[in-house]
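Chemist: From just these sequences and the hints, can you work out the full model?
Protein chains in written order, with this note's numbering: chain A, 1 to 199; chain B, 1001 to 1568.
I should point out that these hints are in silico values taken from the structure, not numbers from a laboratory. Here a beta-carbon is modelled for each residue, glycine too, at the ideal position from N, C-alpha and C. A couple of the hints might just be wrong.
Taking CB as the label site, the calculated pair distances span [as the list claims (entries may be wrong)]:
1. A:PRO45 to B:GLN1054: 44 to 50 Å
2. A:LEU15 to B:GLY1219: 56 to 62 Å
3. A:SER153 to B:GLN1216: 19 to 25 Å
4. A:ALA113 to B:THR1210: 46 to 52 Å
5. B:ALA1300 to A:ILE55: 49 to 55 Å
6. A:GLN107 to B:GLY1457: 18 to 24 Å
7. A:GLU103 to B:MET1552: 30 to 36 Å
8. A:PHE34 to B:CYS1046: 19 to 25 Å
9. B:ALA1082 to A:ALA122: 51 to 57 Å
10. B:ASN1002 to A:ASP193: 34 to 40 Å
11. B:PRO1030 to A:ILE31: 18 to 24 Å
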Amino acid sequence: MTDSTPDITRSASWLASLRAGIVLIILCGGIYPFAVTSLGGLLFPHQATGSLITIDGNVVGSELVGQRFDAPGYFHGRPSAANHDPFVVSGSNYAASNPELRERVRQTSQLIADRDNIAPEAIPVDLLAASGSGIDPHISPDAARIQAARIASARGIPAEQVNELIQRYTQAPTLGVLGQPRVNVLRLNLALDGKERSD
Amino acid sequence: MNEVIIIYAVTLLLAWPLGKYIAGVFESGPGTGGGVFLPLENGLYCLFGINPQQTMSWQGYGRALLKLHLVLGLAVFGLLMAQGALFLNPDGIEGMSWDLALHTAISFLTNTNQQHYSGQAQLSYLAHTFGIVTLQVVTPAAGMAALIAIVRTLFGHQEKAPSSGSTVDVGNFYQDIIRAIVRIMLPVATIVALILASQGVPNSYEGAQTATPLDQTSGITEQTIPIGPVAPMVAIKQVGTNGGGWYGPNSSVPLENPTPVSNFVETVSIVLIPAALVFALGFITGRRRLAVMIMGVMVAMSVGLTSVTIWSENQPNAAFTELAAEGPNLEGKEVRFGATATALWGSWTTQTSNGSVNGMHDSFNPLGGMIPMIDMFINVTFGGVGVGLIGYLLFLLLAAFLGSLMIGRAPEMAGKALETREIKLVCIALLIQPLLILGFSAITVAFPTLTGHSNPGFHGLSQVIYEYTSAFANNGSGFEGLGDNSVWWNVTCAINLAIGRFIPILAPLAIAASLAAKRAAPEGRGSLSIDTPTFGLMTLAVIVMFTLLSFMPVLILGPIAETLALMS
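Modeler: Take a look at the structure:
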């Protein structure tokens, strides 16, 4: 077989490669994603379009997209390098050795210390660190608790009521091991406004 | 910490039966699953116009592989340039520049998925699915096909002793790749995609959604939320060691990785198939002890390196000293995952050639960010689908060569003499890595206008090294602050990507064919046995020495210098 059959005929022709390429694009790039997307949309319609939260017919956001909160009567989320824009999504990509990171943390730390009347050394790290996505919808339960007094006074309600809401909206690690305890900031703020069903 | 142990255990426990299944799939005849999948496969062969029974020499096999890649590469390149004028583009996204399209096409064609763009804003649904997803399914299958061909040839039992000078057949490329796609990649990806869909990964062709944010005093009056057929892409990017995500910051984005459960599934998916292939090697060759030994070395390397990253990321970020409560480094990380799960992912994604991320490696502490670089220098801890184990076999050959010399025998592996031709090919395949990574880094650093680094000092150098390392390793992760969408970065990375993919596939294929053509000496008491713990340690030592000798100097100039500077 060595000398009678040249290698080239035992490979595949250009035409076969071209046909294979076209068929594979249709199979892997067309049929596979279309089938999964259709099935996923059928089985999980709420998740399929971005887990949107609709109140009185208005879309107020997504459970999976953090929003920017500035008003003193709302819980504030994490710093964002993308200004909480899901079309821009980005982390800061600052190295630990970058002086600009130190400066940003100093300013945020000062701001929170003044706003929530707390010592800088008591501010939970997640409130000072920019998230990877720029739209992290969660903060740690500690980061929510240090904001409770401010929110209570801005809204003229007892602090216990705010703390009780934090408690109710804290999600524990799945099965006790996967992930971290966390609070969804948008849902917690909707609950403050009385717009969220408790669950 | 329990989370890490559970993820390791679940991955290895799933890899065993999957490996057995994979071995069955590639048996001659209909193979495992043939009853279900053969009609579809025969239809595909018919559409291709090929005969799957016709075996190929290694050159023919390699040519078939390259030709298919060239066809797909050109198609995707054209698609990326023209997407603005085509359909399935509800968000009105424009075509790419030539250099970005070139880099993107080659990046996905080489199973790398290095992205110099942000998917949610720069790719239409058409380009994402027909372009990117196609390559994310086909390229790991091509790697798997090449591995199977090499293993079959290297360890296969030749029915008749080949006459000297004859060529050896390694199999049929199309049969191997189609079985990999139809029986392995697509079914596994579909299962993963549906789990992810249940957790909140979008599945829609509707186009971006609009929301009116709650706090109107924040100055943001409208929020545009990009969605799409995201779940099928995220699934295949995880299981196929691809890594290129729908959204720019990859699986740190809650729409791409919504919950700790999705994070668990995506993390397991990173290592699942690369680990399963090691077990498959044992089932295919009947050398179970060899497979266990290889797995032992890989797990040892993995646990050792991953521990360092987890330790490092649980240390505070130096920039937060006295400005925050004591806590782990959360810059660039998500609250729902925390530092440990992010460090585990960062380590696994670089030990395989996956390259997806669930946190920003650029913002890891310096030592935490060094480990992904070391992982990519080694690149055979588990490695990419198919190519990781192929790379390990190269080190195995080198260790067998050195080991034979150490015990005073003529170099051999599995009874076949290792001679000049094989060792030359091994050296080319191994040495081209430091040559390209360090060479291109040196040139780039010598012209500061080219670097595009965003962080000052030692870390700026790390950003450049990381990018070329990631390109050559076909990983695709990055120190993403780097301004890498320039003609220089796009073109030079494309060169690294292509050489880093195809030389390490074709050279071992040639070696396997060359060895198979030799008459085997019977394995006796004096021959080197490659499935002992001693030989496993020998291979590990060769890998560590090779990596340290090649890359220790740049590690000292980059992350180690940065660590020392922060300590002082």
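Chemist: Decide, hint by hint, whether the structure agrees.
Modeler: Structure-based check of each hint:
1. A:PRO45 to B:GLN1054: 44 to 50 Å: At 48 Å between Cβs, range holds.
2. A:LEU15 to B:GLY1219: 56 to 62 Å: holds, 59 Å
3. A:SER153 to B:GLN1216: 19 to 25 Å: holds, 21 Å
4. A:ALA113 to B:THR1210: 46 to 52 Å: Violated, at about 36 Å.
5. B:ALA1300 to A:ILE55: 49 to 55 Å: Taking Cβ atoms as reference, B:ALA1300 and A:ILE55 lie about 54 Å apart, which means the hint holds.
6. A:GLN107 to B:GLY1457: 18 to 24 Å: holds, 22 Å
7. A:GLU103 to B:MET1552: 30 to 36 Å: With Cβ atoms ~33 Å apart, the hint holds.
8. A:PHE34 to B:CYS1046: 19 to 25 Å: Given range 19 to 25 Å: holds, Cβ gap about 22 Å.
9. B:ALA1082 to A:ALA122: 51 to 57 Å: holds, 56 Å
10. B:ASN1002 to A:ASP193: 34 to 40 Å: holds, 37 Å
11. B:PRO1030 to A:ILE31: 18 to 24 Å: Between B:PRO1030 and A:ILE31, where Cβ atoms are some 23 Å apart, the hint holds.
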